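Please put together the full structure from these sequences, using the hints given.
The primary structure of each chain is shown beneath.
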Amino acid sequence: MLTIKDLTVSINKKQIIKGLNLEVKEGEVHAIMGPNGSGKSTLASVIAGRELFDVDHGEITYMGRDIFELSAETRAREGIFLGFQYPVEIPGVTITNFMRTAINEKRKYLSLDPLTIAEFMELMEEKKKMVDIHSKLTDRSVNEGFSGGEKKKNEIFQMAMLEPRLAILDETDSGLDIDALKVVAHGVNKLRRKDNATIVITHYQRLLDYIVPDYVHVLYDGRIIKSGGKELALHLEEKGYDWVKKATVSTNP
Amino acid sequence: MADKNNQILEEVGKSDYKYGFYTDIEMDQAPPGLTEDTVRFISAKKNEPDFMLEFRLKAFRHWQTLQEPAWAHVNYPPINYQSLIYYSAPRKRPKYDSIDEVDPELLETFEKLGIPLEEQKMLAGVAVDAVMDSVSVGSTFKKTLADEGIIFCSFSEALQKHPELIKKHMGTVVPYTDNYFAALNSAVFSDGSFAYIPKGVKCPLELSTYFRINAANTGQFERTLIIAEEGSYVSYMEGCTAPIRDEHQLHAAIVEVIANKDAEVKYSTVQNWWPGDKEGKGGVYNFVTKRGICAGENAKISWTQVETGSAITWKYPSLTLKGDNSTGEFYSVAVTNNRQQADTGTKMIHVGKNTKSTIISKGISGGRSNNSYRGLVKTTRNAENARNFSQCDSLLLGNQCGAHTFPYIDVGNRSSIVEHEATTSKISEDQLFYCLQRGIDMEGAIGLIVNGYAKEVLSKLPMEFAVEAQKLLSISLEGSVG
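Protein chains in written order, with numbering that gives the first Met the number 0: chain F, 0 to 252; chain Z, 0 to 481.
Don't read these hints as lab results, they were simulated from the structure. Small disclaimer: the values here were computed from a predicted structure and weren't measured. Where a beta carbon is used, it is the ideal one built from N, C-alpha and C, also for glycine. Treat each hint with caution, since some may be false.
Claimed, not checked - Calculated Cβ distances over 12 Å to all of chain Z for the following chain F residues:
hint, residue
1, T100
2, L161
3, H234
4, G239
Unchecked claim - Facing chain F, from chain Z, some residues (calculated, C-beta under 8 Å):
hint, residue
5, F50
6, L52
7, G438
Below, the structure written as structure tokens:
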């Protein structure tokens, strides 16, 4: 589904990602771990199409297409979803309105008729139940005055609504208490299917107690320096990143 | 990112004014220039009673003694008042029994403007008094209104049929001596709308009027007078679009609103005059004097305006709160894009005791435009316990536009409370990317964010006006982020 080859990315001439390779297949959950500043969020942003960055080298293909040929909104409509680390506030725009716009834009792109209000409301109720979010949340303006937990739950709710093929969750666990963490993880697990894939970006092993990845990658200084199964996360937790730094750079699974 | 975005936005910015077209209808117009003869010509054309001609002439003589004001935060080349045409009207003025009899070309124009003169609109409960180049050509629902004793017609018609009401009220809220453009309007006004709501009557329909400038080089001078008698209620909507023009068009209207004891008037405007091209060429000058008076106790008037058009907007819908416990409201969204300039706001003059006013102003500037809020809140010595709350927000799109706030506060007694809040914000890259990432394109994202920002004001508009206004906001801001 997603293939990244020898990717090099910089911002203001400073290299952030320095030759990164990754292969994500349908049905897989990948965890990307790494210390602050290792390039995790940059990677997520580049896949999603944020244009703050310069891609100096390498390629990314998504569903067989060169991702750099697609605008950010096209990527989204083609099924790439980014759960933001810091979701922004959009005052005066309710989540309901926001999602309705997003879904109908996507449907238009796919040459489908827009959902009627009734259809949309039904879909929304179903997804709210699925990801266990408070029903009043969707009447509020997008992220405005939300607690950290509410913001992240809102991201998961949007993910449920948009049914992405490839979901990238950028430090979705940061700043969450254990209950909120469970809600978020529960949502992700429910949305897991054979034909979609998830990339979970995290700093801590904690989230991986609830979302069990197929693969764990350690990102350090712009490169994946170690990949392995879910047990790798536990080793990391015990021994810290210094341990991997000393270890040999491994290839992709 | 910046480069690619600019490219996209430039493309979008090239899209033309969506309501730009021109209707070719035989005109019956005054020769260019303004003299006493012009004033007499207009008055004669319209078969006006003598008092009207006297009023016009007094206004004209006064106007000649005035200088065009220069204090507004706007720039434009000098207007040559002697080169303008001050009167034009469709040549045929038949009385229509049905829509079928109206010039089809005109109907087509209304169609393009989305002015539903026909059934749907009636079913929607809106009576339309459509003003095309100064002369009314169609009215609907007059009967429903007449049954309630409500008078809703063109200003000219009111002059013929109800001269006593015009004579009594005209110029009492905005005297011809008020300002340069008010004097000009009083001398040469061509037509407009008149509404009279009798005592105790709640007007069952939203009254709406559409204005349009359509004759080349013709200044349009509308005059609106609304009188709400004791205990009555009316919601009045005014909306307009204008066709593409090379030369600047002057629009200097007067609106007078009178709310007596316990009466309430809601006045809503969606203004979408041709704003000029991306370089600011062409476009309408909108120099308007709008004022209302809460004449009796517990009266209430609210202005709600969505201003998206005009090359220059110079407009301060104001209220005098004379009756004790009366209430004034001003809700405004003013959008400027490209080279547009807007200097708009309100005046709330508290005269009566326990009077209350609320001002919510949302300025949105994009392109290289300038957007100013200018407002006065004044409480007189006798306005005990007067209260005002003002909130003036500015939203900037891009970094070549300007937002300015000029609040004036003049408190005349110790028991008044006046509050003023102001914020300035920008649409952030983060907000735009958040929308893009959800599959909403740049235009959609800007529309969404801007409509969210203006929601507090849009929610005050009558339902179907609100929908139109939301679309307008999005259209007006195409290509605004650079």
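Verify this label for me: T100(F) is non-interface relative to chain Z, using a Cβ-Cβ cutoff of 12 Å. Check fails; 6 Å does not lie beyond 12 Å.
Measuring from the C-beta of L52(Z) to each C-beta in chain F, is the shortest one below 8 Å? Since chain F brings no Cβ nearer than about 50 Å to L52(Z), farther than 8 Å, the hint is violated.
L161(F) non-interfacial with respect to chain Z [C-beta, more than 12 Å]: violated, 7 Å
Once the shortest beta carbon distance from G438(Z) to chain F is found, is it less than 8 Å? Holds, about 4 Å.
Consistency of the no-contact label for H234(F), given chain Z and a CB cut of 12 Å: holds, 33 Å
Verify this label for me: G239(F) is non-interface relative to chain Z, using a Cβ-Cβ cutoff of 12 Å. holds, 32 Å
Chain F contact restraint on F50(Z) - CB to CB distance below 8 Å: Given a least distance of 49 Å, the restraint on F50(Z) is violated.
Hint check: violations occur at hints 1, 2, 5 and 6; the rest are consistent with the structure.
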